[in-house]
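Participant: As a plain string of letters, each chain reads:
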Amino acid sequence: MPTQPLPDFSSSVRLKYVKLGYQYLVNHFLTLLLIPMIATCVLELVRRGPEELISMYNSLELDVIHILCSSFVIIFILTVYFMSRPRPVYLVDYACFKPSASCRVPFATFMEHTSMICEDPKSVQFQTRILERSGLGEETCLPPANHYIPPNPTMEAARAEAQLVIFSAIDDLIKKTGLQPKHIDLLVVNCSLFSPTPSLSAMIVNKYKLRSNIKSFNLSGMGCSAGLLSIDLARDLLQVHPGSNALVISTEIITPNFYKGNRRDMLLPNCLFRMGAAAILLSNRRRDATRAKYRLLHVVRTHKGADDRAYRCVYQEEDSDGHCGISLSKDLMAIAGDALKSNITTIGPLVLPMSEQLLFFFTLVGRRLINPNLRPYIPDFKQAFEHFCIHAGGRAVIDELQKSLQLSAEHVEASRMTLHRFGNTSSSSLWYELNYIESKGRMKRGDRVWQIGFGSGFKCNSAVWKCLRTVKTPVDGPWAECIHRYPVDIPEIVKL
Amino acid sequence: MEILATLTMLLILCSIYFLWKLYSLQRTTNCYLIDYVCFKPPPDRMVNRKTAGEIIERNRTLGLSEYKFLLKVIINSGMGVETYAPRNILEGREASPTFDDALQEMDEFIDTTVNDLFKKTNISPRDVDLLVINISGFSPAPSLASRIVQRYKMREDVKAYNVSGMGCSASLISIDLVRNTFKSGKKTIALAISSESLSPNWYAGKDKSMILSNILFRTGGSAMLLTNDPAMRARAKMRLKCLIRTHTGANDNAYNCAMQKEDDAGFVGMHLGKNLPKAAVHAFVENFQRLIPKILPYRELALYVYRTIKQKVVKPPGKGNMAMTKIDFRTGIDHFCIHTGGPAVIDAVRRGLRLSEYDTEPSSMALHRWGNTSSTSLWYVLSYMEAKKRLKKRDRVLMITFGTGFKCNSCIWEVNKDLGDAGVWEESINNYPPQTLVNPYLEMYGWVADETEETFNREARVEELRTLY
Numbered sequence: 001m002p003t004q005p006l007p008d009f010s011s012s013v014r015l016k017y018v019k020l021g022y023q024y025l026v027n028h029f030l031t032l033l034l035i036p037m038i039a040t041c042v043l044e045l046v047r048r049g050p051e052e053l054i055s056m057y058n059s060l061e062l063d064v065i066h067i068l069c070s071s072f073v074i075i076f077i078l079t080v081y082f083m084s085r086p087r088p089v090y091l092v093d094y095a096c097f098k099p100s101a102s103c104r105v106p107f108a109t110f111m112e113h114t115s116m117i118c119e120d121p122k123s124v125q126f127q128t129r130i131l132e133r134s135g136l137g138e139e140t141c142l143p144p145a146n147h148y149i150p151p152n153p154t155m156e157a158a159r160a161e162a163q164l165v166i167f168s169a170i171d172d173l174i175k176k177t178g179l180q181p182k183h184i185d186l187l188v189v190n191c192s193l194f195s196p197t198p199s200l201s202a203m204i205v206n207k208y209k210l211r212s213n214i215k216s217f218n219l220s221g222m223g224c225s226a227g228l229l230s231i232d233l234a235r236d237l238l239q240v241h242p243g244s245n246a247l248v249i250s251t252e253i254i255t256p257n258f259y260k261g262n263r264r265d266m267l268l269p270n271c272l273f274r275m276g277a278a279a280i281l282l283s284n285r286r287r288d289a290t291r292a293k294y295r296l297l298h299v300v301r302t303h304k305g306a307d308d309r310a311y312r313c314v315y316q317e318e319d320s321d322g323h324c325g326i327s328l329s330k331d332l333m334a335i336a337g338d339a340l341k342s343n344i345t346t347i348g349p350l351v352l353p354m355s356e357q358l359l360f361f362f363t364l365v366g367r368r369l370i371n372p373n374l375r376p377y378i379p380d381f382k383q384a385f386e387h388f389c390i391h392a393g394g395r396a397v398i399d400e401l402q403k404s405l406q407l408s409a410e411h412v413e414a415s416r417m418t419l420h421r422f423g424n425t426s427s428s429s430l431w432y433e434l435n436y437i438e439s440k441g442r443m444k445r446g447d448r449v450w451q452i453g454f455g456s457g458f459k460c461n462s463a464v465w466k467c468l469r470t471v472k473t474p475v476d477g478p479w480a481e482c483i484h485r486y487p488v489d490i491p492e493i494v495k496l
Numbered sequence: 001m002e003i004l005a006t007l008t009m010l011l012i013l014c015s016i017y018f019l020w021k022l023y024s025l026q027r028t029t030n031c032y033l034i035d036y037v038c039f040k041p042p043p044d045r046m047v048n049r050k051t052a053g054e055i056i057e058r059n060r061t062l063g064l065s066e067y068k069f070l071l072k073v074i075i076n077s078g079m080g081v082e083t084y085a086p087r088n089i090l091e092g093r094e095a096s097p098t099f100d101d102a103l104q105e106m107d108e109f110i111d112t113t114v115n116d117l118f119k120k121t122n123i124s125p126r127d128v129d130l131l132v133i134n135i136s137g138f139s140p141a142p143s144l145a146s147r148i149v150q151r152y153k154m155r156e157d158v159k160a161y162n163v164s165g166m167g168c169s170a171s172l173i174s175i176d177l178v179r180n181t182f183k184s185g186k187k188t189i190a191l192a193i194s195s196e197s198l199s200p201n202w203y204a205g206k207d208k209s210m211i212l213s214n215i216l217f218r219t220g221g222s223a224m225l226l227t228n229d230p231a232m233r234a235r236a237k238m239r240l241k242c243l244i245r246t247h248t249g250a251n252d253n254a255y256n257c258a259m260q261k262e263d264d265a266g267f268v269g270m271h272l273g274k275n276l277p278k279a280a281v282h283a284f285v286e287n288f289q290r291l292i293p294k295i296l297p298y299r300e301l302a303l304y305v306y307r308t309i310k311q312k313v314v315k316p317p318g319k320g321n322m323a324m325t326k327i328d329f330r331t332g333i334d335h336f337c338i339h340t341g342g343p344a345v346i347d348a349v350r351r352g353l354r355l356s357e358y359d360t361e362p363s364s365m366a367l368h369r370w371g372n373t374s375s376t377s378l379w380y381v382l383s384y385m386e387a388k389k390r391l392k393k394r395d396r397v398l399m400i401t402f403g404t405g406f407k408c409n410s411c412i413w414e415v416n417k418d419l420g421d422a423g424v425w426e427e428s429i430n431n432y433p434p435q436t437l438v439n440p441y442l443e444m445y446g447w448v449a450d451e452t453e454e455t456f457n458r459e460a461r462v463e464e465l466r467t468l469y
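Respectively, the protein sequence lines represent chains X and U. Just so you know, the first sequence maps onto residues 1 to 496 in full-length UniProt numbering. Just so you know, the second sequence maps onto residues 1 to 469 in full-length UniProt numbering.
Calculated directly from the structure, the hints in this document are not laboratory data. Note that this is a predicted model, so its numbers are computed, not measured. Please note that the accuracy of each hint is not assured.
Below 25 Å or equal to it, Euclidean Cα-Cα: the simulated DSS-like pairs (lysine-lysine) are [as the list claims (entries may be wrong)]:
id: 1; chain 1: X; residue 1: Lys176; chain 2: X; residue 2: Lys382
id: 2; chain 1: X; residue 1: Lys209; chain 2: U; residue 2: Lys274
id: 3; chain 1: X; residue 1: Lys330; chain 2: U; residue 2: Lys153
id: 4; chain 1: U; residue 1: Lys274; chain 2: X; residue 2: Lys207
id: 5; chain 1: U; residue 1: Lys278; chain 2: X; residue 2: Lys209
id: 6; chain 1: U; residue 1: Lys159; chain 2: X; residue 2: Lys466
Partial chain X-side listing against chain U, Cβ under 7 Å, derived [claimed, not checked]:
id: 7; residue: Ser199
id: 8; residue: Ile214
id: 9; residue: Asp236
id: 10; residue: Cys324
id: 11; residue: Lys330
Restraint ranges, calculated between C-beta atoms of paired labels, are given here [as the list claims (entries may be wrong)]:
id: 12; chain 1: X; residue 1: Val80; chain 2: U; residue 2: Arg239; range: 22 to 32 Å
id: 13; chain 1: X; residue 1: Pro150; chain 2: U; residue 2: Arg239; range: 26 to 36 Å
id: 14; chain 1: U; residue 1: Val281; chain 2: X; residue 2: Thr109; range: 46 to 56 Å
id: 15; chain 1: U; residue 1: Lys153; chain 2: X; residue 2: Pro353; range: 34 to 44 Å
id: 16; chain 1: X; residue 1: Pro150; chain 2: U; residue 2: Pro293; range: 49 to 59 Å
id: 17; chain 1: U; residue 1: Asp127; chain 2: X; residue 2: Met37; range: 44 to 54 Å
id: 18; chain 1: X; residue 1: Arg48; chain 2: U; residue 2: Met9; range: 17 to 27 Å
Using N, Cα and C, we set each Cβ at its ideal position, and we do this for glycine too.
For reference, chain U alone in the conformation it holds in the complex:
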């Protein structure tokens, strides 16, 4: 009967339509990184050796032991003399920051970086469907996300999210948010912005565990454009393969090891406890246990299982000394972006993953050139690799970050095409890696190790500093 034939045809057409819809939905679940731009502050915000010493010395409440401690920290920080700080700290107003200082710090970053990104990618702000910004230490009303919507006159239906308080691993949390929104299937362009606010977070007291954050953090920021539109695949730099988040906050030691609180005198500062490295290792191990099956090729995975069984069954472990089964991560990953939390962090990861100096060079050099830029450090490291022309098509990049909570987040990107954009490293890439390994701070402040209470003449030392340059 004709009716039956028509009905069958209709059913078949409907089924083809559903299947096609399902297929196109699958295609739009990938997360592509179109491009990213890192913030390069103007040269008048640079912190050289003299400035670093001046800033430390300015705090008159510090006694000799704190002074020594701070100078030791800066000597061992792995940072060079071209890092950047916010204006109010350089101008001497670090202890009394105003609201406008914090806003100005953000505006300076947004105006340059986000503008550059839109110009570079030729995408209009009105095309942005999703905006995620993560800035840990500053959260005004209206949010910084709204500030960006206002500045760039974005659409009314833009989905804006302002993530705050999530520490140095927040950049990957923003990427996670973007990736989850992408999976809904609708073609979206997302703008992710990552930075840290330093102006309002200066610690004016003298608790040693809290002064560290004054010295260690530097200004930085980055803006990324991502999409799930398969049509933009050709222009994309990288594709996100997987993202693993681990939160060990259930453990009290992990939660309390990095905490913003008041000291006994009432000054607010970031307390970094002594068990921070232990908490970091614990979070790292837990994250990697979930990441390993996604990184390693089957052969290496099989070898790992075989070696573990052999170790546990054939050769039982000695008195509490568990030798870690040898895994060669370089079989699954080509490049490693480690959060530039400090030389200790980078060394620990290198030892844990059995990497070479070459593998951790981008992170060490980013730490040297830009300092610890908190959540945005990964992008400076990635930019170094790109500037050194290390990133080739189909390479896999592993990003690892640590943050308060205690969180360890990691993700794997697959490079889409050979990359060679020097980006923010354009002027300095030829100086890296540096020929000499002389620590500039050791040169200038090494004397502090020999000083005692009796010999220390603060005024004389300050005068000496001033006459040096």
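For reference, chain X alone in the conformation it holds in the complex:
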């Protein structure tokens, strides 16, 4: 806990008003400049009087041809301008997989299974400690194959899990949006750790009888940030295909990835990863603009793979006994912070209001020229966004980001509660978090959401959405039955 003296409240209140005034002045600079200009024009017009204005107009000697030509030119240029702008990408709706209660893995079940599967009591103890501090709740779910003792990771079971989670999510999406499978033009599927042949995208084409000229892409191995990667790919595709829609599926298949060994850095994923999937419908059709929930403003991708440490911090390999698992290095938090900083550097100028950008710029100049000991100004991202969806990678990730972005507990509530209720569902976690915010009735028209995903590589991807219509509760989704119980207080350590 920081041991700072209590702040001087009176001065901080005055400072707050100064800051508010400064922000208002800078962000509405153009409007403030325009008002006196318009006022002067109106005064001038009123002063001259109508007869003088009419005589001025007549002296122009405009005949019909001139007027027609100029209006034609103006209309033509306006059309060309509007047509050459990038097509807006709308998120019509999305659906998350809601696991059934029979897949739940309460702490007692998890610990009992672990003690029966794991031969090394130290590993069992380690996993218990991890689970106690993980921030997960008692209702997270594992696929049916992982309920066997020991787990039964066959290809058939993995396919069954994929079918269960993906098809449920798509069925929900179809019900919500009235989407007809034959109308899907683009399909992007991302699943990191399970990539059968034929691909999961082919599985979806087969199940829903999609059209033969569909453009499908199956991305694999791209980690927990792959959801936003798929959104980026779908956006690029939608720029090129007018009047189309895209179905994006983000999931992680847990079945084949149970780690059977004893290496501590590889046991973490066993404790944290849980079953989940999300199906998202994107569109660039103008008629979907009225019923869409969000509009995609920006996607920024940062890849720190050039740095060897960053590349190896989430690494799949075999241990000395030949068991395959994913090791998470101790540097993970530092590298995540670094990746986030790079990502912010790119996204900051795109989303921050002018007031924050100027402050940041002046502090930077001050640090370089005047005093290097000046504290670096961390832009206040709460000015740019109303809601934050931070990948529920683990408690440490959320804590770290809350600290670096100076967010309040309410801002990170969606992430913490998703981690508690669903565990780390990898790339689909961002959508569970968004659903939480909607279920709580906090999503209003005009609100901006920032989704941040981290993943192996090491990648940090951000997406910025703008809400187009207030989302009314109750919201049908994975939170429907339990939202009234949230938020819950998650203790630091749950004694098992």
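Given the coordinates of chain X, assemble chain U onto it according to the supplied hints.
Facilitator: For chain U alone, coordinates are given in the frame of chain X:
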């Protein structure tokens, strides 16, 4: 009034600027292939006749009928004795591959091929804006795309995509991804990498439909650099004219005909069903129906329409025997790159498109020299054409691939300038086409057709093999 004049001038300048921006955006929507390099594995990874027989024989769970089946397959495979396999299979560890084996297989390919490509084109890895890699059977975390970013220290804002599980047609899927990204107008340099991972995918059981993939696939890989920058047009080898993708996965037979699954004993393998050829034909026909208007010149297209109408109206078809309207594809296409899936695939395409031996020679020779290298086979075929100096300016090249799902993808390239780089065929091009058509495997293993359960003496045959060389 001066204000009005100034405003008009401003408007006109703005309009000129918008129109110019639109025009330059159009110019950067073309997809140019700057260059490509195919992987040539080191000579110690070659699979000669003896090695092929040894590998087949090693699997002791196989009975005579499976043994016969496999040897028959290899005799009819159309492959020569200079194809390549992964190290773990050659070293006898095919049934227990480690994660490192798979990574090593990829590293060996990437280190040579991608390095060569950057050196050849004189483009720095830091200039690459888009990276697409497609490797079907192996998908580690971090992805192979990240592995390449790390190895070549690419920029932070590089767009990396790792496509996986999409089968033998995945190379054109990567090109499709690149082409779509190019259309956004921003000047981009893309690196597309295509290969197949064989080490972790050996089938250790004895289901006949699944052992095929053990025998048929060989090591190969290719790396391509593409761009949409019109300034690089002069250096580019080819320009992409169109790309058509067809996915017949909605049909259950097509989807299930090639499927990775477990056999009854729990071994994972690639099941290739009996209705695979039918699914391939169906996908092929559907793809071509969309491709024909883009290939054929107007005259041939008009002739096709006339002949179809004449056939349907004047001479109604007989009892279920639809004679296909004659189309001469060579009026629209000069060269044909057919996926080297096997002699049956190449023959089927030749018959379907009414091509000559000369047209399918590059594919047959690539199959003979390199084997079925899955998604990357097209580039070996293209390289053969280039080595034989067949590619002249303004020639059109058609690439056709088939893949699990069931997908059929095709694209048309227009050659930008006369090409003559022998590439990966440099040392062997003078031996092709071969003077003799003796099948080396038939010579060595032809006896298997005459063997029965009683006469077959496995140990004696193995000893005979060992003493031969």
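Participant: Determine which of the earlier numbered hints do not hold for this structure and return their numbers in increasing order.
Facilitator: The structure conflicts with hints 1, 11 and 13, although it agrees with all the remaining ones.
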